[in-house]
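Participant: Chain residues, written in single-letter form:
2 protein chains.
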Amino acid sequence: MEKKGLLIVISGPSGAGKGTICKEWMQNNPDAVLSISATTRAPRPMEKDSVNYFFKTREEFEAMIEENEFLEYAQVYDNYYGTPRKYVQQQLKEGRDVILEIDIQGALKVKDRFDTGIFIFIIPPSMEELKRRIVTRGTEDPNVILKRFSSAFEEINFIKRYNYVVVNDTVEEATKKVDAIIMAEKCRVDRNTELILQLQGGI
Amino acid sequence: MEKKGLLIVISGPSGAGKGTICKEWMQNNPDAVLSISATTRAPRPMEKDSVNYFFKTREEFEAMIEENEFLEYAQVYDNYYGTPRKYVQQQLKEGRDVILEIDIQGALKVKDRFDTGIFIFIIPPSMEELKRRIVTRGTEDPNVILKRFSSAFEEINFIKRYNYVVVNDTVEEATKKVDAIIMAEKCRVDRNTELILQLQGGI
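If you read the protein sequences in the order shown, they are chains A and B. Going by my numbering, the first residue of the first sequence is number 1, and it counts up by one from there. Going by my numbering, the first residue of the second sequence is number 1, and it counts up by one from there.
Keep in mind that a hint or two might mislead.
Copies of the same chain are indistinguishable here, so a pair counts whether it falls within one copy or spans any two.
[Said to hold, decoys possible] Subject to a maximum C-alpha distance of 30 Å in a straight line, what follows is the list of computed DSSO-like cross-link-like pairs (lysine-lysine):
#1 109 to 4
#2 3 to 131
#3 3 to 186
#4 131 to 186
#5 176 to 56
#6 3 to 56
#7 93 to 131
#8 131 to 86
#9 160 to 4
#10 176 to 186
#11 147 to 48
#12 4 to 176
#13 48 to 131
#14 109 to 147
#15 23 to 4
#16 23 to 93
#17 3 to 93
Simulated from the structure, these hints should not be mistaken for laboratory data. Please read these numbers as outputs of a predicted model, since none were measured by experiment.
All chains should be built: construct the whole structure from the sequences, respecting the hints.
Facilitator: Below, the structure written as structure tokens:
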């Protein structure tokens, strides 16, 4: 029986630890693939097309928007970033799980178009901890820090549109939970209609 | 934050391996409890009240039925068997997960009254394998075997009312899946409203 892969969306406020969890999870699941974004920004040294990003010209990107080829996209300053639908669908069709690390706005757009995905919201153990992570992360400008923090705080409201919430106490525990969620989802009755038909047909 | 336990219903046709999976799972989860049934049948040597069963007289049992004290009950020949609601609810309230091993008819009745439970259907790897298990299990009467098998076959239809289906290829793998399902369910957004409120209130 051929099984389609699952789209796993790892999302949450910046500073929650999405990236670390995805990296750790990918190491334990070498058969899965990370979704590759498309962008109009120039490649940095060492970045390769179709590996780090699909690099596109502005015209190419806008043509893809026209053709409805993105699960979601956004413009950030002068550049576009987006998740090409075709790459994700091809991987899923071939039976590979696809993991998509994405901010909350992007995840909600993906959810509108791909409701069979598994939407996991990563949260820090507390808002104090999130603040600490945002503060120690880089910029020293208190206005930027305050803005990031208050946007993270507001975004917690969107958690209700997700399926799961994973508290990132430790990367190890959080990754174990993501693993369990995926294993469990593969056992859901509504994802196993073929198996059930097979059993019923197969005395 | 106080967390309520989960009711985990392990069900499926006879011969699927429910009992072995429950036993294995309990060994790995010493904080969880097995639901204890009530019965009017006489205790066998070594059986203890409130450990193996809650032993009841017929009058006591019927009074409990009147008082709506069962999550489900059934009469089998001359005796009643049932799942007392109070015991299950008390354990859940104290934060312990309760595992209930039960046949399909019983599980469906529990589902009507306790929809927040997690309903897991255990199936054999194939219907041929189920037949083999039923045949090697005991009685040699071909009519009994045929009856058991055809009822197992019909009961597969009820799988749609469950949340999860776990194929019992090996006990180890099946138990791992049950574990994953429970870990995942504890991460479901709708089971974590308190955590979310806490985060939102706690700058």
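Participant: Hints first: check each against the structure and report whether it holds.
Facilitator: Right, here's what the structure says about each hint:
1. 109 to 4: Classified as within: same-chain Cα gap 22 Å, cross-chain 33 Å, threshold 30 Å.
2. 3 to 131: The answer is between: 26 Å across copies meets 30 Å, while 42 Å in one copy does not.
3. 3 to 186: Both, since 10 Å and 26 Å are each at most 30 Å.
4. 131 to 186: Cα proximity of residue 131 and residue 186: across copies only (26 Å, versus 35 Å in one copy).
5. 176 to 56: Classified as neither: same-chain Cα gap 36 Å, cross-chain 44 Å, threshold 30 Å.
6. 3 to 56: Neither way: residue 3 and residue 56 sit 32 Å apart in one copy and 49 Å across, limit 30 Å.
7. 93 to 131: neither (40 Å within a copy, 34 Å between copies)
8. 131 to 86: Neither: 37 Å inside a copy, 44 Å across copies.
9. 160 to 4: both (27 Å within a copy, 20 Å between copies)
10. 176 to 186: Both, since 16 Å and 13 Å are each at most 30 Å.
11. 147 to 48: neither (33 Å within a copy, 63 Å between copies)
12. 4 to 176: both (22 Å within a copy, 22 Å between copies)
13. 48 to 131: Result: close neither inside a copy nor across copies, 34 Å intra and 55 Å inter.
14. 109 to 147: Only inside one copy: residue 109 and residue 147 sit 23 Å apart there, 52 Å across copies, limit 30 Å.
15. 23 to 4: within (23 Å within a copy, 33 Å between copies)
16. 23 to 93: within (23 Å within a copy, 38 Å between copies)
17. 3 to 93: Cα proximity of residue 3 and residue 93: one copy only (8 Å, versus 39 Å across).
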